[in-house]
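Assemble the whole structure, with the sequences as input and the hints as a guide.
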Amino acid sequence: MQVSMSINGQAHSHDIEPRMLLVHYIREMAELHGTHWGCDTSNCGICVVLMDGVPIKSCTTLAAQAEGHEISTVEGLEKNGVLDPIQQGFHEMHALQCGFCTPGMMVTGRWLIDKHPDPTNMTDYEIREAISGGLCRCTGYVNIVKAIRWAAAYEAAAATGGN
Amino acid sequence: MASWLSDATGGVTDAPIGFGRMKRKEDARFIRGKGNYMDDVRLPGMLHGALLRSPYAHAKIVSIDTSAALAHPKVAAVVIAKDLETLGLAWMPTISYDTQAVLAGDKVRFHLQEVAFVIALDAYSAQDALALIEVEYEVLPAIVNCRKAMDPGAPLIRDDKVGQTDNLASPTWEAGDKAATDRVFGEADTIVTRDIHHTRVHPCPMETCGMVADMNPTTGQLNIYNGNQAPHAHRTVYAQVAGLPEHRIRILCNDIGGGFGNKVPVYPGYVCAIAGSIVAGAPVKWIEDRSENLATTGFARDYIMHSQLCAKNGKITGLRVDVIADHGAFDSTAQPTKFPAGFFHIVTGSYDLDAAHCTVTAVYTNKAPGGVAYRCSFRITEAVYLVERMVEALAWEMNVDPIELRMRSFIRPEQFPYESATGWTYDSGDYHKTMKVAMEIAGYEDLRKEQQEKLAKGEIMGIGITFFTEGVGAGPRKHMDILGLAMNDGADLRVHPSGKAVVSISAQTQGQGHETTFAQIVAEELGISPNEITVRHGDTDKTPYGLGTYGSRSTPVSGGAVAVVSRKVRDKARLIAARMLETRPEDLAWEKGRWYVRGDVSKGAAIEDIAEYAYSGSPMPEGLEGGLDAQAVYDPPNLTYPYGAYIAVVDIDPGTGHVHCRRFIAVDDCGVRINPMVVDGQIHGGLTEGIGQALMELISFDEQGNCMNASFMDYLLPTALECPEFELGETVTPCPHHPIGAKGVGESPCVGSPPCLANAVIDGLRVWTNGRVKHMDIPCNPARTWAAMQGNAAPPQ
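Each protein sequence line maps, in turn, to chains A and B. Here the first sequence is numbered in the numbering used here, starting from 1 and rising by one per residue. Here the second sequence is numbered in the numbering used here, starting from 1001 and rising by one per residue.
Think of the hints as simulated: they come from the structure by calculation, not from any bench. The C-beta atom is built at its ideal place from N, Cα and C for all residues, glycine as well.
Which stretches of chain B does chain A cover? Using the computed rule of at least three CB atoms under 8 Å from a CB of chain A, they are:
| hint | region |
| --- | --- |
| 1 | 1037-1044 |
| 2 | 1203-1210 |
| 3 | 1248-1257 |
| 4 | 1510-1521 |
| 5 | 1669-1681 |
Structure follows, in C-alpha cells:
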C-alpha cells in the first residue's frame, strides 16, 4: 500500500506492506536511524516520536496510521545548525550515557515544555510523570529531569532577552 | 545560543587539562540521533536472520522439517543443528569451559532455546518463515527448582556430556577455613541463621543483543558488527570456535546501547549469524527482540544461600555460607578460570572477622543459561547482599543498632592492607569516616525517631543500611584469566607532530564516557587538552589487545594502561627535551604540559614543541627513534577495593504492600575521581538498577519451565516515578597501587543498593510487626511484601 507522511517537514511516500510498523518505516524507508526501538510492547519509550506534536510509541503504531500526519523525530530538533535547547540541556546536565533512550527522552521533553503553561515552574512530579513512559538504564533519570528544566529555563531567558 | 560546537577544536567547552568536571565529547552524536548502533548497520546485499525457539523447557527433538520455510520466496537459507555440525559449529564453548548448543539437535534444555535459524531478504519475511518450520518434540519433565535438580532420581539434563550422571555443573567449591570457622561459632554468644534467595534477574540493556556478520567469500575476511563488552576476547573465541584465522576477523562495536554484563558472553545467535553469512555468502543481520533478550540471554544471580553469622562480645566474629548456584541448562557463568564462584568469597564484606567459610554447589536446571555479572564483579553483588542482610539480622538479634554493630566490626584504617578471612587483600579504606558522612547526610538519628512517630500514626517506614566493599578491576595475570586470556589491557598513544594525540584502548564503552574520561587521563599526564585527544576503541583491527569493560575494570585496568602509556610518552619527551634544551634529562623537571630546566623555569619545552621536534628532521638523542608514541600493557598488581555507605528510607503501604523509596543516600569512596560528573552519573544509574532488583525485577518460571517474565509487561524496570532524588556524598581514599589512585565505580551503586533497600523494607516490616518479620527475599514487590507482612513470605524454593 502507498503511505505518505511528513517527517521533520519533509514529505515521504512509499509503497509498503500494510503491517509495517512506523518505527520501521522511519528507520528503513525514511532512513532516519535516530529513532531506536527497545521492546515490542509499548513499555520502554525508546521509539517515541511526535505525531502532530504528541508523543507516540512508534513500535506499536502502523506506518499506515501516520498517513497524512506530521511526524517529528530527534533529527528534526536541530534547526539550521543550532541545537534545540533540549539537546543542549541533555549535554549540559549529563542526561545521557549510552544514548539509546536519548532521542525518545528528548522529544518527550520537547513536547512537555511546549505544552506546559508555565515551563519554568514545572514540578518534579510533572516532569517525572511525563517521561515515565520511557525507560533509561543509565542515568537514573535525575539528570534527565535537570536537562528538561535547563531547556525550559534557557528558553524563558531567551524569550525575555536574557541571553 | 551559545554552543559548544563553535569550539574551534571540535571539543567541549570548559574542558580541564586533566581531572575535573567536563561535559562529554561523545554527546555530540547522541543528542543528534547520529549514534551508530548495531541495528543502524546496513551493508550491500545484507540478509536478515531470525531464530526459531523451543516452546518447551525440556524435550527431545524427534524431527525438524524446514521444507516449507525453504520454499518461501524470500527465504535464502534455513540452518539447523545438523548443518552446523558440518561446519563444526553445532556446539560452542562457554566462558566457564562448558559447552552450549548453538542450535539444539538432540533435545532442548530450556524454554525458548534456539532450534533453527532462518535467513531471508527482510526481517518480516524471516519471522514469517519461522512459522513454516515443523518441529516434532517429545516432551520431558522440566526441572526449574535447583534443589529438586539435585534429587537422586531427577531427570538428567546434560546427557550430552560424557560421564555426566547427575545435574551438578561442577564440583562443590569452597573458600575460607572450615575448622577455624567452626571454632569461632563454638565460642560465639549470638548466632543468626537465614536462608536467602538472591532471585534471578536480567541486566536488560535498552538495546538488545544482535550482530551483523559479513564473511567475504573471496578474501576470507570476516567483519563482525556486534556491540559487546569484550571485543578482543570475542575475536579470539570466534577464531577458536569457527577455526578461522584470527587476523582475518575484525570486530567493530560502534556504539552500544548499554551492556551491564548482558553483552559479555557469546550467544548462539551470534554464531548463527556468522554461520549464516558463511552459508549464504552475504552479510547477515540478526537482532533479537526483547522477549529473546529477557528469556534467553545472560541472566544474573539465582543464588540460594544458607548462612550463619555470629558475634562475640558485641562484635561480629564469624560467617559461614553454603550456596546452591542455579546455572540453568549450560554453565556460561562469567568468571575468571580459577574462580568458579566468581568473587563470591569476598563475602566477609567490610568486617574484620576471625574466620569465615563458604561453599558453592553449582547445578543445572531447565532454565536459560547465564550467570552474568549484572553491573557486578563476578558474584560480588550476591556476596554483598548476603553479608549485609546477615549483619542487619544479627544486629536486631543482638538488639544493637545496625550501624553501631557495623562500626564495632569494621576493618580499621590502620589494618590496611588487610588480609580477609577468605584470602583477599583489601588495598585501602577508612570505613568509619564514610559511614559517618552517610549518617550526617541522612540525619540518621532523626530518621529513627520519625520511624517511631510514623508507627504511632499507623504508617510503615523502613530504614535500610549497607556498607559494601568490592574487589574490582580483574585482574592480576598471576591469579586471573578468562579462557586462558590474561585479564590485562593495552593502550597505544600517539602524539602527532602538532601535539594532538590519539589513544587507542582495549576497554569498550557502553555509555560510560570513555571518549571523555580516558582523554582526561592523558591530559592529566601530558598536559594536552582532552579536546585535542581522540580516544579510539571498539575496532579490534585498530586497538591493542585487552579484555574489555565489565566488573568495573575500565578505570582500574584500562585506565591504568592509559596512565602508564602516557608516562612512557612523557619519559621519551624528557629525553627529546634534554636534546632540544642541550641539557641532561636528569636536570629536567616536569610540570603539566612541559619539561623545564630545574632552577630555571623559563627554560623549557612544551609537549607540543617536543612532538614537533620528534617528527622533524632534527637529530634525535643517541639511540632514540623518532616520533612521540608508546605502547603499554597494564597488569594490575591487585584488585582495587572501592566501598561505600548507603542509607535508604522507604514508606510501605500497610494495605497494599507497595514500597516507595523516599530517600536514598549514597556515599561512595572510589578513590580518585577522574570526572566527578561522570562518576555521579554512574552512581545514579547503578542505584536505579539496584532499586529495580530490590523492588521490581524478577525472572521466574512455572512448573513446566516457561519463563514468566519475557517482556517488559512482566519484567518491571524502574521509571522516573520509582526513583527518588538521590543524595550523594563522597570520601576519597586513593588506591595505593593504581597509577592514578582510582578504584572504579560503575557497579558499586548496583552492588550496594539491593541489600540496602531489602534491609529498609524488612526493617519497616520488623517494626510494624513487632519483630515477627525477620526476612523476605527480593524483589519486594507489593504482592511479596504484603505476603511477608502477613507472615507468609515466599520461601527460597
